[in-house]
Structures are given as structure tokens and as C-alpha cells.
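A.B. asks: Each chain, written out:
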Amino acid sequence: MKKTFKGRPVVAGSIQGEAVVSRQGFNILASLQRDLMAKKDVVACSDQNNPDLFGKTISGKMLCLPQTIGSTTGGMVLQAAAALGKAPAALLFSEPIDSLAAGGVILAKVWNNTDIITVDSLGDDFRKAVQQGQRLTVEADGTVSIEIAGVAGDNLKETK
Amino acid sequence: MYSPTMKLTKAEHAILSGEKGETLRKTMETIVRFGDVFGADGLVDLTHGVHLVTSFGIPLLKPVFEIMDELIASGLKTAEPFTVDPRPYDFENVPVNLLQRFVFTKVMYAKQKEYEAQLAKVGLKNDTAFTCACYFDEVGNIPKEGALLAWAESSAVVYANSVLGARTNRNSGVLELLCGIVGKAPRFGFLTDEGRKASWIIEVKTTKKPEAQLLGSAIGMKVMEAVPYIRGLDGYLGTELNSDAKDYLKDMGAATASNGAVGLYHVAGLTPEAKAQGEALIRKAAKTYVIDDAELARVRAAYPLMWKNPDAKPDRCFIGCPHLSKTQLNSWLERLEVALKSTGRSRLAIRTVLTTAPDVESAFRSDVDAMRRLNATGAKLSAICPLMYMNNPLCGKKPVITNSNKLRTYTSARYYTDAEIAVIAAGGSV
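Line by line, the protein sequences are chains A and B.
Residue 32 in our numbering is what sits at position 36 of the first sequence, and the numbering runs on without skipping anything.
Residue 1094 in our numbering is what sits at position 167 of the second sequence, and the numbering runs on without skipping anything.
For reference, chain A alone in the conformation it holds in the complex (with noise of 0.2 Å):
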């Protein structure tokens, strides 16, 4: 069974991967910075204060979470992983985008030519609904679509 949510897409493009969930506010230097600086080729999560991460693979992953919060280093320090290879393959926002996520996404469009698909304003729903874990498709008109395992039905619709 898929469960889709509609958000509206800031960086576009069609991704498929797992999903890993940030309940709160996603800390992007606190996060990222322990396993850049320590050349890692792949990065954990080292936000203490994120219980939902904390240690969790990110690079790569399809990173959901409601905003981005903390020291305005954020941006670049996201352009940095995205010019690494090292960043999430997708940032899935249940709320509008922050500031400080929006200029790495753009620093890295711009500068680096490095797309991290972005989608925000899911809704409160794709928020509740998506799981650690769970595999997601993202598509280039902001269409994201859970898949649920062992549930049989029809596809379910949520349209924000």
C-alpha cells in the first residue's frame, strides 16, 4: 500500500530511497559537523539532543523532519556535505523550509551544480505518518508516497 503527500518542490527531482525522521527541529551543524570534520565517508547523526537521530546514518538518506534549527552555519555546512557526496539525498519538510536549509540547498545548486532534492509544506499528516525506515518516492512535482509494507488496499490520497 502507498500513502502520498503533496508538498510544494524547492529543489525538484524524482528520488526513491529510506527514510530517516527528525520529530524535531533538524540541528544541521550539531548533526553533520562530528562525522565531516572527522572525513568520515559516511555521515551519522551527532546531535545529542536528537533522540530520533542520534547516530543514525544521514548521508545519503531521505531526511524528513519539520525545520532546521540552530547556528546559522547550516547552510554551507550542507553545501559542504552536498559537494562531498556526503549529504542526504532528499530533505522532506512537513513544514515551509527554514532559512538557513534553503541556503544550502541553493548554494549547492548554484555553486557546487549538486541538486539535494527538497520538498516542504508535506503537512502535519506526512509528518505523523512517515516512519524510520520506510521507504519513500519522490517525484518532481513534490508527490511524495510512502510505501507501508504488509498492508493491502488501495493507494491512499492525501493531498495538502
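Hints listed in this document are in silico derivations from the structure and should not be mistaken for laboratory results.
Treat the hints with care, since some could be wrong.
[Said to hold, decoys possible] Pairs of lysine-lysine, PhoX-like flavour, derived with a Cα cap of 25 Å:
id: 1; chain 1: B; residue 1: 1040; chain 2: A; residue 2: 35
id: 2; chain 1: A; residue 1: 52; chain 2: B; residue 2: 1324
id: 3; chain 1: B; residue 1: 1235; chain 2: A; residue 2: 52
id: 4; chain 1: B; residue 1: 1214; chain 2: A; residue 2: 124
id: 5; chain 1: B; residue 1: 1038; chain 2: A; residue 2: 36
id: 6; chain 1: B; residue 1: 1033; chain 2: A; residue 2: 36
id: 7; chain 1: A; residue 1: 35; chain 2: B; residue 2: 1033
id: 8; chain 1: A; residue 1: 35; chain 2: B; residue 2: 1324
id: 9; chain 1: B; residue 1: 1235; chain 2: A; residue 2: 35
id: 10; chain 1: B; residue 1: 1149; chain 2: A; residue 2: 124
id: 11; chain 1: A; residue 1: 35; chain 2: B; residue 2: 989
id: 12; chain 1: B; residue 1: 1324; chain 2: A; residue 2: 36
id: 13; chain 1: B; residue 1: 989; chain 2: A; residue 2: 36
id: 14; chain 1: B; residue 1: 1033; chain 2: A; residue 2: 82
[What the hints assert, rightly or not] One side of the interface only, derived from the structure: several residues of chain A facing chain B at Cβ under 7 Å:
id: 15; residue: 32
id: 16; residue: 68
id: 17; residue: 99
id: 18; residue: 103
Small disclaimer: the values here were computed from a predicted structure and weren't measured.
The beta-carbon is built from N, C-alpha and C at its ideal position, and this holds for glycine as well.
Got chain A sorted already, so can you dock chain B onto it with the hints?
C.D. replies: Here is chain B on its own, set in the frame of chain A:
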């Protein structure tokens, strides 16, 4: 060519179409795309210089250094000189061992000198412009009420908006520099009257003046990036923005911005817009958050302890994130002296560093009597960024204590209130 949603002038269009060169085109495209995401209706001319967040030459920021190279190669620099966040190390006042020094200079911040040279070429004010509190009188990057800015550094942004009544969005690092190069920023959010209205009411109902760093933490965690209107604080801070009130709001704001994403708050009866507009600043559907003694205790109790050995003797104590004002330096000197007296010791048991802006440091050092007293306690004065210092894994693993909720958030430093930390620094045990 990027097709903007916002309205641009002919001159702005010309830059976006590449008539002024490829680097300026990309600079403009970044700013315009950024504004379009937030529904900006156009660009405004900045009326004051920028403040940059990026002060550290970490090799992982290679993409940032490449942008800087491109700007320099194209002969671009900001119209007004800018200030920037503090440097990441100060070996004279915050000594490190040989291995730590190697990691700082050859690994972590191996590009520091080259990056500072880049900053100078794109408009850095001078060699002492390295502080997160650029708005101190001694530093002089003080925008007037209503000034249009494009600042980064979360604690400086929230101070400029809230205490000075200037207008800046929470810009990411690099974005602020690019705005400074073009001299423009997209008009949305905190640059508009509507964007400055509060969607949360904070009722402060504590039995005594709340610790600034704890109050800010509670507010930030609750409201995230929303604008809070704070009632009940003027009873403790008064109705005039004197140096004590400004210092309190500096520290509270930094905690709101790092524990959440607050870029603007209003304090009833005290901050400029709250004084001028009162509760007309509050949106109709605003939610309410009551903060009493129990709520502050709950927030504090939830802070994770990241030390390997919770009973370890602290290795170092950092006071001043964000940087301390000269008034605060004098207060801390007195507080440490009182704590030493109470413990019967002549020198602090924990290596303690008071951090401040280079220009404030110079002013304090010129006070011979104050320096004699500070040296007698054993405390050091530095213009370092404690957060960047602790990013060195060899330093970050040490048991560090701090009164900063920002430093606690980003590192393994353990938080204590001002009163507690003075006693611990003097006596040596937590």
C-alpha cells in the same frame, strides 16, 4: 538563465543575466532564488554592513573557499567593511599540548591563515573584527533601529532584530556575504512588518529573575523559529535597555537561537518594537507558553550529560559564548573573587577562560588594576570561539563546564548557572 518569480529592477535583471560577469550572475542568482523560495516581492538595498558567521578555516569547507576565490578573482568585495565570528584558537591564553596544537593548525583549521587572507580581500573590517558580538560599543558594528541588514551568526541576528530593532533574516553562512557583495537582500520575513509579529506569548511567572541562558533555552525549544512576545520579564529587567538588560537579552537570545531557531523576540515594555507597538505585535491566534520555576527545572533536567565519567573533575571552564561585554567581564571578575573567598582558595581550581571581543579584550587589558586582580584569580582572558575550540576532538573529549547553553548544545560541555559555575571553578568539583 534563472527566471525569477520576484520583481527585479532593470539593473538587477542585468546582473542576473550575466551582463556584469559570471561570478556576479551566480551571486545574484543565489540571492534571488533564496528570496523566491520565501515569496519575496523584490530586493531591498542594505543600509548597513554585514556580519559573517564563518571565521574558521576548516578544510571541509572547501566549497566555501572556492566561492571566495571566485569572488576575489572577479574583484568583488562588500560595499561596507564587515565583521566576522571569533577565531577558533588562541594558544597564548588557551594553551594546548603539542598534539592538540598539531591537530588545530595542521588538520582542523589548516586553512585558517589562507581563509583570513581571503576575508581581508572581500571586505573584512580589520584584524580585530573577529567576534560574535559585533554590536558591542568597542567593536562598532551597530545598526540603527530600522536598518536593513543581511547578517548571519544566530546570536547576532536575534540581537540585531530584537534589541536593536534592525531588520535581518537568519541568513546562512555565505548567503550573508553574497548579499553584502550585491548590497541587497530579498524582502521577506523579518524585513517586513508582518514577519515581525509574534505567534507565541511567553508568560514568565518565575519566583525570581530567571537565568537568561535557561529561559532562552526553554523558549527556543518551544517556539522553534516563531517570534515570541515575552511578558513578565520587564519586572526583572526594567523598562530601559541599559547595559545589564542588553547583556541579559544577549545571552537569553543566543540560547533561543541555538536551542531553537528564534531570530526575533519582543519583550513587553523593554525592546524597541514592543515599547512602540505593545501587544499589537501579537497575532490573533498566538499560542501561550507559561514558564515558571518548575518548567525551567524540567527543561534543565532534560539536558543530556555527554561526559564519559559524570564525576570527572572539570578540565576547563568557558564563560562567554556569546562573547562577554566589558560590563560582564567586570561582573565575572567580582563573582570569581567572591567564590574564591567562599572556598578559602587564592586561585581558581579549574582553568577558567573568559571570552570576549578582541576590542573589548584590549580595553579590559588596559585597566591595570582589573588585570592584576584577574591574573590573581588565575582566570584567562581570550577572544577565542570556545565552540570552535571544542570542535577539536582532542579538546572536545575533555570534561568542560560552561554557563552557555549554546556551547552545551553543540559540544559535550556541561551546563551550570552563573552562580554554580563560579563556585565550581573556584573549588574544583562539580
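A.B. asks: Decide, hint by hint, whether the structure agrees.
C.D. replies: Right, here's what the structure says about each hint:
1. B:1040 / A:35: Holds, at about 21 Å.
2. A:52 / B:1324: holds (21 Å)
3. B:1235 / A:52: Distance of about 20 Å is within 25 Å: holds.
4. B:1214 / A:124: holds (21 Å)
5. B:1038 / A:36: holds (19 Å)
6. B:1033 / A:36: holds (18 Å)
7. A:35 / B:1033: Holds, because 14 Å separates the two Cα atoms, which is no more than 25 Å.
8. A:35 / B:1324: Answer holds: residue 35 of chain A to residue 1324 of chain B is near 18 Å, not above 25 Å.
9. B:1235 / A:35: holds (23 Å)
10. B:1149 / A:124: holds (19 Å)
11. A:35 / B:989: holds (13 Å)
12. B:1324 / A:36: holds (18 Å)
13. B:989 / A:36: Roughly 16 Å between the alpha carbons, so the hint for residue 989 of chain B and residue 36 of chain A holds.
14. B:1033 / A:82: Holds, because 23 Å separates the two Cα atoms, which is no more than 25 Å.
15. 32: Given a least distance of 5 Å, the restraint on residue 32 of chain A holds.
16. 68: holds (4 Å)
17. 99: Interface hint status for residue 99 of chain A: holds (3 Å vs cutoff 7 Å).
18. 103: holds (6 Å)
Against the hints set out earlier in the document, no violation occurs for any number.
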